[in-house]
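Chains S and H, in that order, are what the protein sequence lines are.
Note that our numbering has the first sequence beginning at 428, numbered continuously upward.
Note that our numbering has the second sequence beginning at 428, numbered continuously upward.
Quick caveat, the hints were computed from the structure, so don't treat them as lab data.
Ideal Cβ positions, reconstructed from N, Cα and C, are used throughout, including at glycine.
Where hints are given, some of them may not hold.
[As the list claims (entries may be wrong)] Sample of chain H residues at the chain S side, in silico, Cβ under 8 angstroms:
1) L477
2) Q515
3) G522
4) G539
5) C541
6) E543
7) C583
[Claimed, not checked] Restricting the straight-line Cα-Cα distance to at most 20 angstroms, the calculated cross-link-like pairs of lysine to aspartate or glutamate (DMTMM-like) are:
8) H/K618 to H/D503
9) H/K581 to S/E577
10) H/K618 to H/E607
11) S/K551 to S/E480
12) S/K581 to H/D503
13) S/K581 to H/E571
14) H/K618 to H/E458
15) S/K581 to S/E565
16) S/K581 to S/E611
17) H/K551 to H/D503
18) H/K581 to S/E571
19) H/K581 to H/D503
Protein chains: 2
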Amino acid sequence: MGLNILIILGHPDRFSFNHALARAVCAVLVENRHQVVFHDLYAEGFDPFLAPEEIPLDGRVPAPIRQHCDQLQSADGIVIVHPNWWGQPPAILKGWIDRVVRPGVAYRFEEGDCGEGVPVGLLKARTALVLNTSNTPERREFTEFGDPLETIWKRCIFGLCGVPHVRRRMFNVICTSSLEQRQEWLAEARKLAAELFPAQIQA
Amino acid sequence: MGLNILIILGHPDRFSFNHALARAVCAVLVENRHQVVFHDLYAEGFDPFLAPEEIPLDGRVPAPIRQHCDQLQSADGIVIVHPNWWGQPPAILKGWIDRVVRPGVAYRFEEGDCGEGVPVGLLKARTALVLNTSNTPERREFTEFGDPLETIWKRCIFGLCGVPHVRRRMFNVICTSSLEQRQEWLAEARKLAAELFPAQIQA
Chain S
428 MGLNILIILG HPDRFSFNHA LARAVCAVLV ENRHQVVFHD LYAEGFDPFL
478 APEEIPLDGR VPAPIRQHCD QLQSADGIVI VHPNWWGQPP AILKGWIDRV
528 VRPGVAYRFE EGDCGEGVPV GLLKARTALV LNTSNTPERR EFTEFGDPLE
578 TIWKRCIFGL CGVPHVRRRM FNVICTSSLE QRQEWLAEAR KLAAELFPAQ
628 IQA
Chain H
428 MGLNILIILG HPDRFSFNHA LARAVCAVLV ENRHQVVFHD LYAEGFDPFL
478 APEEIPLDGR VPAPIRQHCD QLQSADGIVI VHPNWWGQPP AILKGWIDRV
528 VRPGVAYRFE EGDCGEGVPV GLLKARTALV LNTSNTPERR EFTEFGDPLE
578 TIWKRCIFGL CGVPHVRRRM FNVICTSSLE QRQEWLAEAR KLAAELFPAQ
628 IQA
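Modelling step: build the complete structure from the supplied sequences, incorporating the hints.
Structure (C-alpha cells):
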C-alpha cells in the first residue's frame with residue numbers, strides 16, 4: 428500500500444507551468460504506487476465562498492466541501508501548487524483554505540475556547556510540499572515583498588494544523604525562462620516529491 | 428468638493444463587526460462630504476475568478492470589473508475592511524485584488540518587461556486605511572504567525588501600486604470582546620478615517 432497524497436492546484440490556465448508542475452508531481456507519485464487525489468480547482472469550478480452558517484464547528488457543510496474535508500483528513504501527504512499572486516494564492520485556492528481547512532477537520536480549540544486560544548492541529552499528514560511560481564526575482568521577493576507565502580504556508584496554515592514538515596520551492600522567473608530551464612524545474616519537482624513521499628517498502 | 432473614497436468590505440455576515448466597522452467609516456466620510464463608493468463584495472456576489480484571457484495588459488476585462496477598475500483609479504483614498512483568515516483576506520476579497528488591481532490600472536511594467544522587472548505604481552490615492560479583525564491575541568499573531576497581512580497590504584499591494592501612506596489597524600480579540608470594547612473600537616475607526624481623510628476646506 429502506498430500513501431494517500433492530496434494534490435491541490437490553483438491556476439486558471441491549463442497550459443501553465445503550474446499545471447505542468449502538478450502533473451509531473453502526480454505522475455511520479457502514481458509511479459511510486461501512492462493513492463493520489465488530484466484537484467484542479469479552476470477546472471472543477473470550486474466554489475470559494477465561505478458562508479456564515481458554515482463557519483461554526485457544527486456549521487452546515489455542503490456535501491462537496493465535506494468530501495474535500497474527508498480527503499484532507501485522510502491524506503498522509505499534501506502537495507499545493509499555485510502562482511504567487513500578491514504574496515498569496517489565487518482567490519480560488521484561498522477559498523479552498525477558507526472552507527476545507529476547517530475546525531474539527533484540520534484543527535480544534537480547547538473546550539470553552541471560542542477561538543482566542545491556542546489551536547490544536549488535527550491533520551494526519553506529517554509532510555507537505557508547496558510549489559510556487561513567480562515572475563519576481565528571488566532576491567527582490569525577499570527584500571521588497573518579504574515573501575509572505577513562506578509565513579502563510581509554514582506558520583499560519585500547516586503549522587497551525589499540526590503538519591511539521593513543510594518543504595516549499597518557489598520557481599522564478601517563469602516569464603523569462605527557457606524551455607530547458609523549465610524542464611530542469613520539472614525534474615526538480617519530481618525529485619522533491621519522490622524524496623518527500625518515497626515508494627513504500629512491500630510487506 | 429470632497430475626496431473620492433473607495434471602501435471595500437469582505438465579510439460574509441452582515442451582522443459582523445466588520446460590517447459595523449465599514450458602515451461607521453462610511454458614515455463619517457459622508458458626514459465630511461466625501462464622495463464614497465462602497466462595495467460589500469459578499470452582498471454583491473463579486474466574482475473572484477481571474478480568467479487566463481483577462482491576465483494580459485490588453486486582456487478582455489468584463490464590464491463589471493472595468494467599473495471596479497475605474498473606481499480604484501479615480502479614488503483619492505482607499506479603505507479596506509476584512510477579517511484575518513489564515514493571515515490573508517477572505518477569498519472573495521482576494522479575487523477583487525486578483526482582478527481589479529490589474530496592470531494598466533494600478534501598476535505598469537517598463538516597456539519590454541514581461542513582468543520580471545520593477546513595476547511602477549499608478550494609483551492616484553496617496554493614503555489607504557486597512558481595518559482587520561482577528562480572534563488571535565496581538566502578541567501571538569506576531570510571534571506565532573508573523574502577521575503576514577502587514578506585509579501583504581503595505582508592501583506587496585499598496586507599496587507596489589504607489590500608495591505611500593498605509594495605516595493599518597487590527598482589532599482583536601473580537602470573539603471575547605464586550606459591547607463597550609466594540610463601541611470604543613468603532614469610535615477609533617471613525618476617528619482614524621476622519622484623520623486620514625479630513626473634510627476639505629471650502630473654496
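Quick rundown of the hints versus the structure:
1. L477: holds (6 angstroms)
2. Q515: holds (5 angstroms)
3. G522: H/G522 check passes; min Cβ-Cβ to chain S is 3 angstroms, inside 8 angstroms.
4. G539: Not OK, violated: H/G539 not within 8 angstroms of chain S, min 11 angstroms.
5. C541: holds (4 angstroms)
6. E543: The hint holds - H/E543 has a Cβ within 8 angstroms of chain S, the shortest such distance being about 4 angstroms.
7. C583: holds (4 angstroms)
8. H/K618 to H/D503: holds (18 angstroms)
9. H/K581 to S/E577: holds (17 angstroms)
10. H/K618 to H/E607: holds (17 angstroms)
11. S/K551 to S/E480: violated (27 angstroms)
12. S/K581 to H/D503: Violated, because 37 angstroms separates the two Cα atoms, which is more than 20 angstroms.
13. S/K581 to H/E571: holds (11 angstroms)
14. H/K618 to H/E458: holds (12 angstroms)
15. S/K581 to S/E565: At roughly 18 angstroms apart (the allowed maximum being 20 angstroms), S/E565 and S/K581 satisfy the hint.
16. S/K581 to S/E611: violated (25 angstroms)
17. H/K551 to H/D503: holds (6 angstroms)
18. H/K581 to S/E571: holds (11 angstroms)
19. H/K581 to H/D503: Holds - the C-alpha atoms of H/D503 and H/K581 are around 17 angstroms apart, at most 20 angstroms.
Comparing the model with each numbered hint stated earlier shows that hints 4, 11, 12, 16 do not hold.
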